[in-house]
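Peer 1: In order, the protein sequences belong to chains A and B. As numbered in our numbering, residues 1 to 373 make up the first sequence, in order. As numbered in our numbering, residues 374 to 1344 make up the second sequence, in order.
It is worth saying that the hints were derived from the structure and are not from the lab. None of the values given here were measured: they were computed from a predicted structure. You may find that some hints are simply not true.
Taking lysine-lysine and the PhoX-like style, the derived pairs with C-alpha atoms no more than 25 Å apart in a straight line are [said to hold, decoys possible]: (1) B/K980 / B/K522; (2) A/K303 / B/K644; (3) B/K984 / A/K93; (4) B/K644 / A/K293; (5) A/K267 / B/K685; (6) B/K644 / A/K301; (7) B/K481 / A/K301; (8) B/K1321 / B/K949; (9) A/K318 / B/K644; (10) B/K644 / A/K267; (11) B/K1132 / A/K318; (12) B/K644 / A/K307; (13) A/K303 / B/K481; (14) B/K905 / B/K922; (15) B/K481 / A/K307; (16) A/K318 / B/K439; (17) A/K296 / B/K823; (18) A/K93 / B/K980; (19) B/K511 / A/K93; (20) B/K522 / B/K1295; (21) B/K1295 / A/K93; (22) B/K693 / B/K1132.
Quick look at which bits of chain A chain B covers, simulated, 3 or more residues with Cβ under 8 Å [what the hints assert, rightly or not]: (23) 25-39; (24) 152-166; (25) 183-196.
Heads up, the beta-carbon is just placed ideally off N, CA and C, and yes, glycines get one too.
Here is what each chain is made of, one letter per residue.
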Amino acid sequence: MSKRQLAMVMDLNKCIGCQTCTVACKTQWTNRNGREYMYWNNVETYPGTGYPKNWMELGGGFDAAGDLQPGIIPNLEADYGVPWDYNYEGLAKGESFEPNVEPTWGPNWDEDEGAGTFPQDNYFFYIPRICNHCTNPGCLSACPRDAIFKREEDGVVLVDLDRCQGYRYCIAGCPYKKIYFNPKLSKSEKCILCFPRIEQGLPPACAQQCVGRIRFVGFLDDEEGQVHKLVNKYKVALPLRSDYGTQPNIFYIPPTESPVKFDANGKPIEGSNRLPMEELEKLFGADIHSSVKTLKDEMAKRKETGKSDLMDILIAFKHSDMFRLDNNYYQAVAKEKGQTPLAPVDTRYLAGKYTKDSGIQYYDPNATLGGHH
Amino acid sequence: MTKVMNNKRRDFLKVSGMSAALVASQGSLFAKTNVISVENGKNDYPNTNYTEEMYRNEFAFTYGVKAEHGFAYHCVNCQGNCAWEIWSHNGVVTRENQSARYPVINAKIPDFNPRGCNKGVQHSQVMYQKDRILYPMKRTPGTARGEGKWTRVSWDDAAEEVAQNLFDVMTDEDRGPDKLLIQAGTGLLTEGRRGAPLRFGTQLSANRIYPSSYLGDMFSGAAVAYGEGNMGCTWDFMYTVDTAVMWGGNPSVSRIPDAHFVWEGKYNGAKIIVITPEFNATAKSADLWIPIKAGTDNILAMSVINVILNEKLFKPEFVKTYTDNTFLVDTKTGKMLRRSDMEHAENKEDHHKFEEQFYSWNTKTNAIALMPGTEGSDNHSLRLDELGIDPALEGTYKVTDMHGHERELTTVFELLKVSAAKFSPEATQAKTGVHPDVTRELAREIAIPKVVEVTTGFSLNKYFNGIMSLWNISSILGLTGRMGPYGGLNTENEFSLSGLGALSGFSGKYSPRFGSGFVGEFMLGDEMETFKKYFNDDDVKRAQNGMSKDEYVSVLEELFKEGYEDKGNMEPHAGKGNVVKPYWLPDTAIIVADSRFRRNKGQEYKKAFLKRMKHWTYVDYRINDTAQWADILLPAKSHYEVYDLRTSPGYHRFTNLAQPVANLKPVGEAMDEWSMFTLLAKKLEEIANRPENIAKAKPVDNKRYCKPGFHDLTIFHKEYTNTDEESEGEGEVYLGTDKMALQAALEKCEQYEPWTMEKMYEAGGFLLINEKAAQTSPLYADRPYNSNENHLYKFQKLHTMSGRQTFYVDHEYFLRMTGGVNTGMEGIRPDTAEHPYVLMTPHARWGIHSNYRTSRTLLRLQRGVPAIQLNRVVAANKGIADGDTIRVFNKLGEFFAMAKLSSSAPADGLVLEHGWEPYMYKFNKGHNEVVPCSLNLLEMTDGWGHLKFGGLWDGNQYAYDGAVNYEKANV
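Please take these sequences and the hints and turn them into a complete structure.
Peer 2: Here it is as structure tokens:
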């Protein structure tokens, strides 16, 4: 076990599927050096095939006895999608704009399609996915070189690029298919939870740059933090497919909000909800029921009384407060290792268990007008 | 390099194909190095540094040096306007990261961070993409337009050719500025750089047309109601509402930076209602989604009015004070009773005023009473109590006019009741597809809660009778008392900025030939041909209340005659405002950041435009479909390479800064627009002063556009840069580069006080506009903004003829089409079994119109080619599978796209995000090949009260009036 675990909570009610996270991640890490086809962060429409295609059916993870399960390595063209390019230089020559490879699959192929009968009961929602930085990573267990590790200080899972030989057992072993083969390096690579940003006081690109403000980042043992509260106190944030046995450290506020269904005449079905509970249970396990109940109860309470601490957390009044990166802790870790601690490049997100609040206050925090309730 | 990498990927593909079912196991098969022995990678891994250092170095590379970071926003027509911090390494931009430093406005309301979207977050990639225009280029002599043969020329040579053409058109007695178009498109929406082409065009009194109108983004129905189409809230207001209605809007896709306020508002107790034909990213989380039939919004709105009236959900006191519902109308003629009907004016001026004064029936005196606050009234307040007026909302009355004729009068409200009676929820269900229970719920949800904001999407204006949708929705809000803190209509708020005319104008010395947007493009593109070809008599009769196609065409042709070169608006109408939509037919043009061949409808536009143009220049940073056809291409800098600032519109109260990263390495020979137009000005002045030219270098012009009566081209550059004697004398601010313009804007605009560029940089790339930016409500330091509080609390009049919210227009076209009041009208889209589907082209998640459409980063997150959502069941019945290429067609033409089978598309509609350049489709046939063009006579109305052509009143180019069919294609 790592000493501490850094974690993220994503609120699926607030996710608008804009993929700003996906692109922020791409420009930060994967637009170069053999990573072009990779999406360390992707957002998929559910129900759908996901990314890579049908990842939930490709094996990996552990069975109830704790044994690693067989898995399948996705195919670039059929499952990930070829990162096609275009004849940009031809446009000045009057050419039509054409992809160099006929697109047949991509990371967001079934965007917004959903399932059900239009308009009676069709539905969809989005699931953003990054590496789960599992406590019991399938990739780590699968690596014949033992070249995958969890960082002692924050539990970030990394591939040792010095020792990785590119055997790709990790890809088969990860049930989330969030580890990728870099054909240029002949090594595996994956989401690194932007640890170099975090160490210098910047939240992960996908989280800091999320314009839907759905992502909280902090240590699970930071009792002041939203991550701890949502996961451990309110128990509303749940891991995705925990049945794979890897103990993910990325958690989700499950979707609870959807419009009422219609009957065949277009009449609303009172009290109905388009999100099938059995689907949510498949994704988030049996705890979904208590999570949804807590969320719905708190929403009702907020509507009635104007009060709910849980809603206050999820609303996230101040963007910078969504991230508690505990910079003193990282500074101390570096010193302990005999390294020169890196100076933070930003001072807004440094608070944490071992770092007192650094938030900058603007204006009068006791200003009167707020919600009208 | 790209090719090499692709080969590698292919190799990988083969390998991974062969090893597709690797069984993972502990790796005893493979020898481990002896150097490191790892028991368990979960604990105390011995070799962390190598990997960590690699990624740390990579981050350090992208981050660069903080002190070298720039700031920028993306000045495109999403109007999001977000502050970005631009990272760089050694003068090359690496990526962008939101500044996310906007201050908290109120601790109990979510802040505006980290404003941005999926398009903005990748401009760094597009900036170096190979569709950049790098150098000035000239169509190779002897080759045809669009052939793709270019000769690279120097800036000096390019400027010489452009300026010579300008000189020629200006000094040709048969042409002059009437034949010159200088248009800044909406790819350049800023308070700084946009001023450059505007100033240049103004100085030449060139033709310019109104972008909102030709884009179909004009809220004309709101302008009828409120005298101003742009209104609403800063989006943090959404957090505070009880009900948010997104009518034709999809903020989770097309208002990405602000959508969080909606969902946070929902957590705060708000009810979210979405009214769209398709199921979308906003509908998916709403409380109530209303799957309306495309284009019937105005009919649903009438049904809502019907319910509000029947269930007495309206607020009578509000209606009496703040709307024209009590105004008296002659039951025979439909004309409102004016003071000019009751009294002789002493003089012409008074007569004109009397025509804009109106009466209500005063129940306190049982007589008519002249209402205060109307356009012609000297009393500018709406207060009635002090005047002893309690106007009757209902009833029929008789008065005798000044000619001794007895007139029967009734109230606007009575007429509204009669009109609305035809639209019971049961009666409209077949047309709208909305169940009566839903209509009633909608009416109650808008009428009863304390704060209700109705946001209308831009799609509503893109149907033929979209004007009625916006007007009817406005009337719902007028009946239910929604203004200021109680909510209201949210189209697109705009803040007030003063002093920026110093950049784009000449204090009235010169004016542009400002033309109607939708009529200008209609005429320039010979769109009447498309209209005549496509629509039949039934279509026109259905959409224009029984008027035949022949009569419609002849009415329009009369208006075109009047509007050509502004003729109809000159004498004898001088002083009364415009009475017709003016337009010009230029033959020379400079067009900046405007993908017009992508945007305009039908197949005729491009042909007609190119045929008219003797010479035209295109300015942009990338080769779009329009650029391919230019005579001269001038390379502009893009958003991260310039100094600039942007405020508008008013989704928030921040003005963002553009300041390039330190030591930015130039991209080709791209130039900022101020430097570019200053260079053109210099050339024009140089040409004018050449001995052979100097005699004709002061071309005369109409004083309506050019106060001196002539343009002195011999001092053109001096005037452009304010270095001429007159400007120097008046201490005008010097202009000539993007940075000078930015500084001038900060100096001239009082809403920017007391900020400087340096302070903006320190704050994180923005400033807060001050309270002077407020328009119709105060801009409080700690509250979201919403329009019309001053109207409500201070009884200030609106900019309408009645001074109130308008429910009645007695212009002849309105009387003929609507009976003067709100009504429901069907669209012009043909209703045929042959072409039973509506083509919907909503604003895109993946592009800002055509901007960023060609981004490889973004295209890889789509399907790489234009893809269209089809209803799963309908498409399957046609034998179409997901991924197939389909042919979409009607009698105008066809285009091809990839089928995307979806549960979110209605059975009778196709959903295609718009903005694709024609060159992105097979055979270069864009989707507008099947989209017709038309003009609505309601929007052609002019010369009536506040409905006079100008920035607040024009019309729309429609986009959704094509009926199509589709089939599996064999291409």
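Peer 1: Could you run down the list of hints and mark each one as holding or not?
Peer 2: Here's how the hints hold up against the structure:
1. Simply put, B/K980 and B/K522 have alpha-carbon atoms about 19 Å apart, close enough for the 25 Å limit, and the pair holds.
2. Of the supplied pair hints, the one linking A/K303 and B/K644 holds, its CA atoms being roughly 10 Å apart against a limit of 25 Å.
3. Distance restraint check for B/K984 and A/K93: the Cα-Cα separation of roughly 21 Å lies within the 25 Å cut-off, and the hinted pair is therefore satisfied.
4. Restraint check: the Cα-Cα separation between B/K644 and A/K293 comes to about 19 Å, which is no more than 25 Å; the hinted pair holds.
5. Between A/K267 and B/K685 the CA atoms are separated by roughly 24 Å; this keeps the pair inside 25 Å, and the hint holds.
6. Distance hint between B/K644 and A/K301 is fulfilled; the C-alpha atoms sit about 14 Å from each other, no more than 25 Å.
7. The suggested pairing of B/K481 with A/K301 holds, with an alpha-carbon distance near 17 Å, which does not exceed 25 Å.
8. Between B/K1321 and B/K949 the CA atoms are separated by roughly 9 Å; this keeps the pair inside 25 Å, and the hint holds.
9. Our distance criterion of 25 Å between C-alpha atoms is met by A/K318 and B/K644, whose separation comes to about 23 Å.
10. Restraint check: the Cα-Cα separation between B/K644 and A/K267 comes to about 19 Å, which is no more than 25 Å; the hinted pair holds.
11. At most 25 Å may separate the alpha-carbon atoms for a hinted pair to count; B/K1132 and A/K318 meet this at roughly 23 Å.
12. Restraint check for B/K644 and A/K307: satisfied, since their Cα atoms lie roughly 17 Å apart, inside the 25 Å limit.
13. With a C-alpha separation of about 16 Å, the suggested pair A/K303 and B/K481 falls inside the 25 Å cut-off, and the hint holds.
14. Among the hinted pairs, B/K905 with B/K922 is consistent with the structure: their alpha-carbon atoms are about 9 Å apart, no more than 25 Å.
15. Between B/K481 and A/K307, the direct Cα distance comes to roughly 12 Å. Compliance with the 25 Å bound is thereby established for this hinted pair.
16. About 24 Å separates the Cα atoms of A/K318 and B/K439, which keeps this hinted pair within 25 Å; it holds.
17. Proposed proximity of A/K296 and B/K823 is supported: the alpha carbons are some 23 Å apart, at most 25 Å.
18. Under the criterion of a C-alpha separation no larger than 25 Å, the hint pairing A/K93 with B/K980 is consistent with the structure, at around 19 Å.
19. Between the alpha carbons of B/K511 and A/K93 the distance comes to roughly 12 Å, so the proposed pair stays at or under 25 Å and holds.
20. Only pairs whose Cα atoms come within 25 Å are accepted, and B/K522 paired with B/K1295 is accepted, the gap being roughly 22 Å.
21. With a CA separation close to 17 Å, the supplied pair B/K1295 and A/K93 stays within the 25 Å bound.
22. A hinted pair counts as satisfied when its Cα atoms are at most 25 Å apart, and B/K693 with B/K1132 does not qualify at roughly 49 Å.
23. A count of 8 residues in the region 25-39 of chain A with a Cβ less than 8 Å from any Cβ of chain B is obtained; the coverage claim is therefore met, three being the minimum.
24. Under a criterion of three residues with beta carbons nearer than 8 Å to beta carbons of chain B, the stated coverage of the region 152-166 of chain A is upheld, 8 such residues being counted.
25. Coverage of the region 183-196 of chain A by chain B holds. Counting CB-CB distances below 8 Å, 6 residues qualify, and the rule asks for three or more.
In this structure, only the earlier hint numbered 22 is contradicted, and the remaining ones agree with it.
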